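Undergrad: Please construct the entire structure, taking both the sequences and the accompanying hints into account.
First to last, the sequence lines map onto chains A and B.
With my numbering applied, the first sequence closes on residue 111, and no number is skipped along the way.
With my numbering applied, the second sequence closes on residue 117, and no number is skipped along the way.
If you're looking for bench data, these hints aren't it; they were derived computationally from the structure.
Since this is a predicted model, take the numbers as computed values, not measurements.
Chain B side only, calculated, beta carbon under 7 Å to chain A, not exhaustive:
hint, residue
1, L44
2, I93
3, P110
From the three backbone atoms N, C-alpha and C, an ideal C-beta is built for every residue, glycine too.
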Amino acid sequence: LAKTTQPISMDSYEGQEVNITCSHNNIATNDYITWYQQFPSQGPRFIIQGYKTKVTNEVASLFIPADRKSSTLSLPRVSLSDTAVYYCLVGAGAGSYQLTFGKGTKLSVIP
Amino acid sequence: GAVVSQHPSRVICKSGTSVKIECRSLDFQATTMFWYRQFPKQSLMLMATSNEGSKATYEQGVEKDKFLINHASLTLSTLTVTSAHPEDSSFYICSARAGGGALETQYFGPGTRLLVL
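TA: In C-alpha cells form, the structure reads like this:
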C-alpha cells in the first residue's frame, strides 16, 4: 500500500484559493488518487479522484504530474465551511481497493 | 452519488453488553464493505474488510471474535461489538466500494459514535 505525506495543517483566509499537496512516491501503476474531506464526528466525504493530469469537478480540482509521485488538491475561494481535515489516499484501482488513511491535513479557514 | 447509511448514529451501552451497527449502501450494490475505527484527533484505522457471502478479513490486532462482521447481502453489512468495554468507545465508520473494472471508489457512511459506560 502506497504511503502518503501531507502537511499536518494549513491556514487560509476566506475567499482564497487553497492548494494542498500530497506526496506518494511509491504509487503503483494501477493506483488512483482520491481525496476525502472529513468534518468532526462525520464520515469522510468523497471530493475528487484522478489518475493523471488534471481532473475538475464542481468543488475542486486535482492536479497530478506525469510521474504521479505527488498530487495537489485545489479548492477555489474557500469559505469557513471548508474548515475540515483533508485526506489524500492512493489505491482504489482494481486489485488494490484497500485504503490506508494517513494523518490528513487540517485546513482552518479564517474570516 | 453513492450513498451509504449507518444505524444507529449514536449508541450508549453498559460494559459487557453487545452492540450491533448496520451499514447500508442505499443506491448501489457493494460486494465489499469496510469497517474503520477512529479515536479522537486520530485518523481512520481499517479494522476489517467485509465481503458479501464470505468471511471478513481482519487487520492485524483486531479481534475477530470481539468484532463480528456479517455481510449477508449486497447492500448490508453489520458490525457487532461483543462484550463491549469502555476502551471500545470510539467512532465506527463503514464504507462501501462502488464501481468496477479499473476504478473502484469507496463511499463512507456518516459514522456511529459508541460510548461504553
